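Student: Residue numbers (the working numbering), protein chains in the order written: chain H, 61 to 274; chain W, 61 to 274; chain X, 61 to 274; chain V, 61 to 274.
Check each hint, because a few of them may be wrong.
Note that identical chains are pooled: a pair holds if it fits in a single copy or bridges any two copies.
[To be verified] Once the Cα atoms are required to be at most 25 Å apart in a straight line, the calculated SDA-like pairs of lysine to any residue come out as:
{"hint": "1", "residue 1": "Lys236", "residue 2": "Gly131"}
{"hint": "2", "residue 1": "Lys236", "residue 2": "Gly73"}
{"hint": "3", "residue 1": "Lys106", "residue 2": "Leu257"}
{"hint": "4", "residue 1": "Lys62", "residue 2": "Arg132"}
{"hint": "5", "residue 1": "Lys177", "residue 2": "Ala147"}
{"hint": "6", "residue 1": "Lys177", "residue 2": "Pro70"}
{"hint": "7", "residue 1": "Lys62", "residue 2": "Gly239"}
{"hint": "8", "residue 1": "Lys112", "residue 2": "Gln156"}
{"hint": "9", "residue 1": "Lys236", "residue 2": "Asp121"}
{"hint": "10", "residue 1": "Lys177", "residue 2": "Leu211"}
{"hint": "11", "residue 1": "Lys112", "residue 2": "Arg132"}
{"hint": "12", "residue 1": "Lys106", "residue 2": "Val96"}
{"hint": "13", "residue 1": "Lys236", "residue 2": "Pro157"}
{"hint": "14", "residue 1": "Lys97", "residue 2": "Asn238"}
{"hint": "15", "residue 1": "Lys236", "residue 2": "Ser246"}
{"hint": "16", "residue 1": "Lys112", "residue 2": "Asn238"}
{"hint": "17", "residue 1": "Lys177", "residue 2": "Asp159"}
{"hint": "18", "residue 1": "Lys62", "residue 2": "Asn152"}
{"hint": "19", "residue 1": "Lys106", "residue 2": "Arg84"}
{"hint": "20", "residue 1": "Lys236", "residue 2": "Ala249"}
{"hint": "21", "residue 1": "Lys62", "residue 2": "Gln263"}
{"hint": "22", "residue 1": "Lys236", "residue 2": "Phe191"}
{"hint": "23", "residue 1": "Lys236", "residue 2": "Ala178"}
{"hint": "24", "residue 1": "Lys236", "residue 2": "Asp159"}
{"hint": "25", "residue 1": "Lys236", "residue 2": "Arg148"}
It should be emphasised that the hints constitute simulated quantities derived from the structure, not laboratory data.
A quick note: this is a predicted structure, and the numbers were derived from the prediction, not measured.
Here is what each chain is made of, one letter per residue.
There are 4 protein chains.
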Amino acid sequence: MKIMITGFDPFGGEAVNPAYEAIRLLPDEIGGAQIVKMEVPTVFGKAGEVLKAGIREHQPDAVICVGQAGGRSGMSVEKVAINFQDARIADNEGNQPIDQVIEADGQTAYFATVPVKAMVANMRANGIPAFVSYTAGTFVCNELMYALLYLLDRSYPHIRGGFIHVPFAMEQTVDKPNGTPAMQLSAIAKGLEYSILAVIENQEDISLAMGTTH
Amino acid sequence: MKIMITGFDPFGGEAVNPAYEAIRLLPDEIGGAQIVKMEVPTVFGKAGEVLKAGIREHQPDAVICVGQAGGRSGMSVEKVAINFQDARIADNEGNQPIDQVIEADGQTAYFATVPVKAMVANMRANGIPAFVSYTAGTFVCNELMYALLYLLDRSYPHIRGGFIHVPFAMEQTVDKPNGTPAMQLSAIAKGLEYSILAVIENQEDISLAMGTTH
Amino acid sequence: MKIMITGFDPFGGEAVNPAYEAIRLLPDEIGGAQIVKMEVPTVFGKAGEVLKAGIREHQPDAVICVGQAGGRSGMSVEKVAINFQDARIADNEGNQPIDQVIEADGQTAYFATVPVKAMVANMRANGIPAFVSYTAGTFVCNELMYALLYLLDRSYPHIRGGFIHVPFAMEQTVDKPNGTPAMQLSAIAKGLEYSILAVIENQEDISLAMGTTH
Amino acid sequence: MKIMITGFDPFGGEAVNPAYEAIRLLPDEIGGAQIVKMEVPTVFGKAGEVLKAGIREHQPDAVICVGQAGGRSGMSVEKVAINFQDARIADNEGNQPIDQVIEADGQTAYFATVPVKAMVANMRANGIPAFVSYTAGTFVCNELMYALLYLLDRSYPHIRGGFIHVPFAMEQTVDKPNGTPAMQLSAIAKGLEYSILAVIENQEDISLAMGTTH
Chain H
61 MKIMITGFDP
71 FGGEAVNPAY
81 EAIRLLPDEI
91 GGAQIVKMEV
101 PTVFGKAGEV
111 LKAGIREHQP
121 DAVICVGQAG
131 GRSGMSVEKV
141 AINFQDARIA
151 DNEGNQPIDQ
161 VIEADGQTAY
171 FATVPVKAMV
181 ANMRANGIPA
191 FVSYTAGTFV
201 CNELMYALLY
211 LLDRSYPHIR
221 GGFIHVPFAM
231 EQTVDKPNGT
241 PAMQLSAIAK
251 GLEYSILAVI
261 ENQEDISLAM
271 GTTH
Chain W
61 MKIMITGFDP
71 FGGEAVNPAY
81 EAIRLLPDEI
91 GGAQIVKMEV
101 PTVFGKAGEV
111 LKAGIREHQP
121 DAVICVGQAG
131 GRSGMSVEKV
141 AINFQDARIA
151 DNEGNQPIDQ
161 VIEADGQTAY
171 FATVPVKAMV
181 ANMRANGIPA
191 FVSYTAGTFV
201 CNELMYALLY
211 LLDRSYPHIR
221 GGFIHVPFAM
231 EQTVDKPNGT
241 PAMQLSAIAK
251 GLEYSILAVI
261 ENQEDISLAM
271 GTTH
Chain X
61 MKIMITGFDP
71 FGGEAVNPAY
81 EAIRLLPDEI
91 GGAQIVKMEV
101 PTVFGKAGEV
111 LKAGIREHQP
121 DAVICVGQAG
131 GRSGMSVEKV
141 AINFQDARIA
151 DNEGNQPIDQ
161 VIEADGQTAY
171 FATVPVKAMV
181 ANMRANGIPA
191 FVSYTAGTFV
201 CNELMYALLY
211 LLDRSYPHIR
221 GGFIHVPFAM
231 EQTVDKPNGT
241 PAMQLSAIAK
251 GLEYSILAVI
261 ENQEDISLAM
271 GTTH
Chain V
61 MKIMITGFDP
71 FGGEAVNPAY
81 EAIRLLPDEI
91 GGAQIVKMEV
101 PTVFGKAGEV
111 LKAGIREHQP
121 DAVICVGQAG
131 GRSGMSVEKV
141 AINFQDARIA
151 DNEGNQPIDQ
161 VIEADGQTAY
171 FATVPVKAMV
181 ANMRANGIPA
191 FVSYTAGTFV
201 CNELMYALLY
211 LLDRSYPHIR
221 GGFIHVPFAM
231 EQTVDKPNGT
241 PAMQLSAIAK
251 GLEYSILAVI
261 ENQEDISLAM
271 GTTH
């Protein structure tokens with residue numbers, strides 16, 4: 061089994077992006093599955109293109125994209141991506157789409173096809189604060205999740221797809237307002253690992269449910 | 061140099077108290093100073109008695125008491141203890157003083173005599189979210205800090221005293237409302253270590269300022 | 061023009077529901093439009109049935125459902141309803157669906173067809189804190205919004221539909237944890253009024269966009 | 061009976077200060093007591109001087125100073141003022157004292173002499189979110205409260221003194237981050253009124269306790 065996991069490069073004035081920093085801490089094999097790590101640009105459109113090329117090249121069984129959701133207190137596994145982009149700040153190449161659809165012929169929304177609740181449960185069982193989230197926002201994170209699920213729906217129905225938002229890494233909040241929650245990178249990485257394990261453990265049920273046999 | 065550091069036992073329904081758990085992770089020597097660790101009961105009056113006996117026995121150069129402030133997002137070094145106890149919940153022996161003074165002949169308040177700002181600055185410089193706090197509450201934490209500073213003021217003017225509140229440990233927040241901030245125990249322990257280093261580094265200035273020569 | 065506005069009855073142990081209490085404060089005419097007020101039960105399935113009967117009876121030009129989102133600090137106009145119900149607590153008749161779709165043949169999600177941004181902008185321009193929300197949760201609020209948009213999509217494409225979440229009314233937070241945000245009922249009602257005015261002002265553009273002439 | 065109530069002028073980039081705006085909404089008589097309203101400058105030192113002149117002129121029975129504590133969710137009645145000023149931002153005349161005492165010969169702290177708990181209880185009984193606060197910060201608010209209590213302690217022991225922090229007024233938060241709590245000015249004013257009533261109702265007990273007969 062092969063699992064691809066992606067993280068964004070830094071944006072919004074931050075020096076690091078805890079998403080990719082945490083991914084770098086992951087081992088190359090988790091629960092018997094090969095882990096393929098990939099950094100994607102925080103740029104509307106391009107993130108999805110890089111992801112698409114990576115999926116074509118690596119042909120993973122599941123894809124988990126990871127992004128930063130500064131201000132959240134725990135790991136949040138996203139349930140839904142919406143066909144809508146509306147950027148409060150510019151991305152890393154200056155794009156700032158307002159009130160636009162992502163794919164004119166796409167569904168209004170797609171649900172994640174990874175086992176969202178099992179991922180949350182496995183993190184919590186291992187002491188990592190985690191919850192299901194029902195909004196990935198309207199910035200590049202949601203756009204990438206939408207691009208992923210749109211792509212899988214059309215071209216790779218046997219590949220599971222999902223998105224995890226991670227809090228600020230602790231170091232990022234030193235100069236932020238008192239009260240801003242954070243997690244240590246090592247805990248974020250652990251959370252990703254427990255999430256991946258849940259994907260692996262639930263893989264068989266998913267395959268059966270889908271009638272696939274890979 | 062010898063630094064005593066105390067932590068409370070668990071209270072309020074929590075299985076652990078991150079204060080003492082973090083202290084247990086500290087080495088026995090930090091920056092050349094000997095570290096004396098002590099657990100104190102979360103009981104009005106008794107916490108101070110245990111502390112007093114410990115100070116008499118160990119004759120430290122500085123005392124830092126540590127308690128849990130669930131809901132805070134970073135390490136908070138307390139500036140002031142007030143002569144007031146008012147318990148929203150009972151302590152571990154069922155005491156719940158309401159609207160009472162701690163020491164009838166004590167000052168309205170005492171300021172910490174450890175270098176509060178330097179402790180915060182050293183934690184922040186090392187990536188640990190930290191801030192100065194101007195209230196230690198009205199529960200056993202404030203009462204212990206007050207008891208410490210009252211004692212030092214009267215009997216041990218050459219000993220520095222202070223109090224650090226630590227956030228929930230990450231594991232404690234798994235079942236708490238989404239949004240509850242936390243830190244990993246290892247980060248809390250690191251914060252305590254950087255705080256102690258700041259006390260040591262500022263020891264000479266303090267001694268000079270006080271005209272003491274120990 | 062006729063605008064129907066609905067509010068839930070109290071739930072979750074609250075004595076009142078600020079949604080319906082605020083609606084009761086609204087005048088019967090706003091900006092030349094007739095306002096039809098309706099209370100709906102906080103019960104999965106039944107809320108939608110009551111709404112459906114009301115729409116059939118009153119044939120409004122737009123429908124705005126209103127619910128309480130305790131913990132939010134301002135008025136939030138929902139952008140999207142998802143085909144998913146997952147109840148953390150039971151509704152007022154003891155139903156607690158977990159991990160279920162709302163309509164087997166419905167879309168994964170529907171976007172509101174009222175002018176969400178204009179409603180937010182008009183509230184803000186008049187001093188009412190407001191923002192666009194991208195999740196109406198997974199309780200009866202989201203279910204009612206979904207039921208509304210599903211119904212309009214199939215049977216009443218000329219009727220605009222949307223959902224507004226309101227904060228706790230101030231009185232509700234007196235015994236809640238310090239820090240819980242709230243608004244006064246009179247301000248919530250004002251917010252609803254400015255939202256309705258934005259719907260009215262944007263009605264023509266919407267009609268043109270849809271090719272309808274009512 | 062005569063009660064003086066003061067509010068600061070705007071600071072920190074805000075166009076209004078809800079403290080004084082709310083005071084302006086108060087009637088000139090509350091519960092049979094004459095209300096003397098006074099605006100004070102948000103300037104270290106000067107605020108206290110203006111207050112001192114006002115007390116000399118009006119000879120009130122009680123003085124309540126009011127300030128803004130942006131970010132708090134309810135009315136907070138301050139218990140204690142500390143002999144410490146440490147300004148994160150400059151005051152309205154550019155002063156920014158760091159790490160300084162307010163009065164070299166003053167106590168480390170003074171407790172409010174108004175009935176703090178009764179004031180909170182009366183607000184809550186009337187639907188206004190309120191709580192006791194144990195820190196008035198280290199800016200001009202704390203400095204004025206300290207100056208007031210220092211003055212009363214030395215020169216007017218028969219006059220009660222206290223301080224109330226109020227949240228942002230609702231209009232102030234429209235452009236602030238989502239989640240910033242606020243209250244309407246009318247509710248803030250109501251809160252002040254219920255606080256004043258509690259001061260009046262508890263006046264006799266206080267006088268007896270002090271052995272005064274005015």
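Student: Does each hint hold? Answer for all of them.
Tutor: Tested hints:
1. Lys236 - Gly131: both (10 Å within a copy, 15 Å between copies)
2. Lys236 - Gly73: Both: 12 Å inside a copy, 20 Å across copies.
3. Lys106 - Leu257: neither (29 Å within a copy, 40 Å between copies)
4. Lys62 - Arg132: Neither. Shortest intra-copy (29 Å) and inter-copy (40 Å) distances fail the 25 Å Cα cut-off.
5. Lys177 - Ala147: between (28 Å within a copy, 14 Å between copies)
6. Lys177 - Pro70: neither (28 Å within a copy, 29 Å between copies)
7. Lys62 - Gly239: For Lys62 and Gly239, neither the intra-copy (39 Å) nor the inter-copy (33 Å) Cα distance is at most 25 Å.
8. Lys112 - Gln156: Answer is within; shortest intra-copy Cα gap is 22 Å, inter-copy 39 Å.
9. Lys236 - Asp121: The answer is neither: 39 Å in one copy and 34 Å across copies each exceed 25 Å.
10. Lys177 - Leu211: For Lys177 and Leu211, the Cα distance is within 25 Å only inside one copy (23 Å; across copies 29 Å).
11. Lys112 - Arg132: The answer is neither: 28 Å in one copy and 37 Å across copies each exceed 25 Å.
12. Lys106 - Val96: within (19 Å within a copy, 48 Å between copies)
13. Lys236 - Pro157: between (27 Å within a copy, 22 Å between copies)
14. Lys97 - Asn238: Neither way: Lys97 and Asn238 sit 33 Å apart in one copy and 29 Å across, limit 25 Å.
15. Lys236 - Ser246: Classified as both: same-chain Cα gap 20 Å, cross-chain 21 Å, threshold 25 Å.
16. Lys112 - Asn238: neither (39 Å within a copy, 33 Å between copies)
17. Lys177 - Asp159: between (30 Å within a copy, 9 Å between copies)
18. Lys62 - Asn152: The answer is neither: 30 Å in one copy and 46 Å across copies each exceed 25 Å.
19. Lys106 - Arg84: Close inside one copy (21 Å), not across copies (48 Å); limit 25 Å.
20. Lys236 - Ala249: The answer is both: 22 Å in one copy and 21 Å across copies each meet 25 Å.
21. Lys62 - Gln263: within (11 Å within a copy, 51 Å between copies)
22. Lys236 - Phe191: both (23 Å within a copy, 11 Å between copies)
23. Lys236 - Ala178: Between copies only: 19 Å across, 32 Å inside.
24. Lys236 - Asp159: This pair counts as between: shortest inter-copy Cα distance 22 Å, intra-copy 29 Å.
25. Lys236 - Arg148: Both, since 19 Å and 14 Å are each at most 25 Å.
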